[in-house]
Amino acid sequence: MSHKVIVPIGPYHPLQEEPEFFQLYVEGEKVVDIDIIIGYNHRGIEKLAEAKHFDQVPYLVERICGICSSSHPYAYVLAVEDLFGGEENIVPERALYIRTIIDELQRIHSHLLWLGLAGHFIGYNTVWMWAWRYREPVLDMFEMVTGNRNNYAMFKVGGVRRDIRDEDIPALKKTLDELVPALSMFKGAVMDDPVIQARLKGVGILTKQQAIDWCVVGPTARASGLNMDVRRDEPYGVFDRVDWNVIVEKDGDIFAKTIIRILEMYESVGIIRQCLEKLPKGEIDADIKDIPAGEGIGRVEAPRGECFHYIKSDGTNRPIRHKIRAPSYMNVASDKVAAVGGTISDATITLAAVDPCYCCTERVAVIRKSDNQKIMNGWDLIKLSHEKTNKIKEELLHGRP
Amino acid sequence: MRERIKEKLGPKIKEWHEHSARRIYFTVDKKDIFETVRFIFRELGMRFSTASGSDTPDSFEILYHFSNDSSGEFYSVRVFIEDKANPEIDSITPLFPGAEWIEREIWEMLGIKFKGHPNLKRLLLADEWPEGEYPLRHKNES
Chain X
1 MSHKVIVPIG PYHPLQEEPE FFQLYVEGEK VVDIDIIIGY NHRGIEKLAE
51 AKHFDQVPYL VERICGICSS SHPYAYVLAV EDLFGGEENI VPERALYIRT
101 IIDELQRIHS HLLWLGLAGH FIGYNTVWMW AWRYREPVLD MFEMVTGNRN
151 NYAMFKVGGV RRDIRDEDIP ALKKTLDELV PALSMFKGAV MDDPVIQARL
201 KGVGILTKQQ AIDWCVVGPT ARASGLNMDV RRDEPYGVFD RVDWNVIVEK
251 DGDIFAKTII RILEMYESVG IIRQCLEKLP KGEIDADIKD IPAGEGIGRV
301 EAPRGECFHY IKSDGTNRPI RHKIRAPSYM NVASDKVAAV GGTISDATIT
351 LAAVDPCYCC TERVAVIRKS DNQKIMNGWD LIKLSHEKTN KIKEELLHGR
401 P
Chain W
1 MRERIKEKLG PKIKEWHEHS ARRIYFTVDK KDIFETVRFI FRELGMRFST
51 ASGSDTPDSF EILYHFSNDS SGEFYSVRVF IEDKANPEID SITPLFPGAE
101 WIEREIWEML GIKFKGHPNL KRLLLADEWP EGEYPLRHKN ES
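Chains X and W are the protein sequences, given in the same order.
The first sequence begins at 1 in this note's numbering and counts up by one.
The second sequence begins at 1 in this note's numbering and counts up by one.
Among these hints, one or two may not hold up.
[Stated by the list, open to error] The following label-pair restraints were derived from C-beta to C-beta distances: (1) X/Asp168 with W/Gly116: 53 to 61 Å; (2) X/Asp168 with W/Thr56: 44 to 52 Å; (3) X/Glu143 with W/Glu43: 46 to 54 Å; (4) W/Arg42 with X/Ile37: 25 to 33 Å; (5) X/Asn245 with W/Arg42: 24 to 32 Å; (6) X/Arg318 with W/Gly72: 24 to 32 Å; (7) W/Leu44 with X/Asn89: 24 to 32 Å; (8) X/Ile37 with W/Leu44: 44 to 52 Å; (9) W/Lys12 with X/Lys187: 48 to 56 Å.
[To be verified] Partial pick of chain W residues on the chain X-facing surface, computed with a CB cut under 8 Å: (10) Phe26; (11) Thr50; (12) Ser54; (13) Pro57; (14) Asp90; (15) Thr93; (16) Lys115; (17) His117; (18) Tyr134.
In short, the hints are calculated from the structure, not lab data.
In this text, all values refer to a predicted model and were calculated from it rather than measured experimentally.
Where a beta carbon is used, it is the ideal one built from N, C-alpha and C, also for glycine.
Starting from the given sequences, assemble the full structure and let the hints guide the process.
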């Protein structure tokens, strides 16, 4: 007996950003197709930017996303600095280091946030609590450096707005030191747990060819064996002056995506430590007055992948065109192939694996095409996911289905 | 990579501009865009980053941005669409699905029609948004 059923997921939840609407077409338990409908939160920022002067735009683009809220202003200032021939031509040394520190702190807090939610979705609420507990000291570091726990307002064309005080550096280093054992705990919890392995391995696979065709970026691409990272490929900040590794996995499943994010946090800690060690004295701002005419492109490796900004200037004080492409724009589209073929109980974690925002999974209605309509709330979908995890646990513990 | 592009596309390249070591812009005719993108994406294996459309006084302009992740070079292929009353260009979505959303976005924001696009419907604008109004056009401004 196979009913064709449509499962709509989304679009809104007031606590989360980025509303999206996923419509799953299912036959029995199997997802056969998926429609992704976005645009609920389209705010016309590209158009708004045309009415702001160059110094105001960082505040605008910072508000595109509350999680990677330094990636957009960073990519924007890189695009404007591209008009001057590149960041390294005008930005003082010390500012380059500070920019790198902010960029990496943000990666740690974003990956911890993801890890917690991923844990929650598969029924590991302890992982959720611990991950978010260790995210707090990272936000405290942000507060110490920038004055804000989110939306840091650090970036400006030609430099940064706030300096790192020498007396704060020992506290920053101490917090980083305390973070490493926590990362090792997560690494052990994920890599050594047979249930998590059984739950995430082979689920939501995006093959290398699919990753190429869907042009995905960031951890989503690196989990499918694409060796790319803007930090290495087109170094900005001081990424070419510190030692770190690009983490690449081959399997393309959710386990690979999880491992990549966990291991990347170690790299980020290492990068920040080296930056704090090497932080040179000097100015933090080049005090740029006029923006020349021309076209500039800036890109940074946001926690979710390449973030792209394009600026066209005619020599006035406002951009005449500002194009923004966030990494999730490419990654979310690839759910079309990653989620199809899986089961509904895997859909939650598969859709979450590219690290979009999670509002989508919080409110769900299951609608049968036939007369018996059934509305489920979002918790039911997460419960389906938890049930599958528990089933795997039972099997592993007692050797029975 | 530059040499391979110049060699393969030859006279199809109308203008070649190297803004810096990693920023290369070149212009092709709009009828050659499909072949150009196919060559860069499939044969040279570059990653399609995105495309950006803009409204200029004489034409619409689209830049197709490609990243060569192994060298860090960034190539932007420029096309001009001169017929502002009825702008049209070949879709590159049949080549690879990663271009689907951005073409839909350019279509609804600037009103440029992509010939051969398998699913040219609205992506970001609300359902109630009036037909034929394209928010990124500059017609109401000076």
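*Which hints from the list above does the structure break, by number from lowest to highest?*
8, 10, 13, 14, 15, 16, 17, 18
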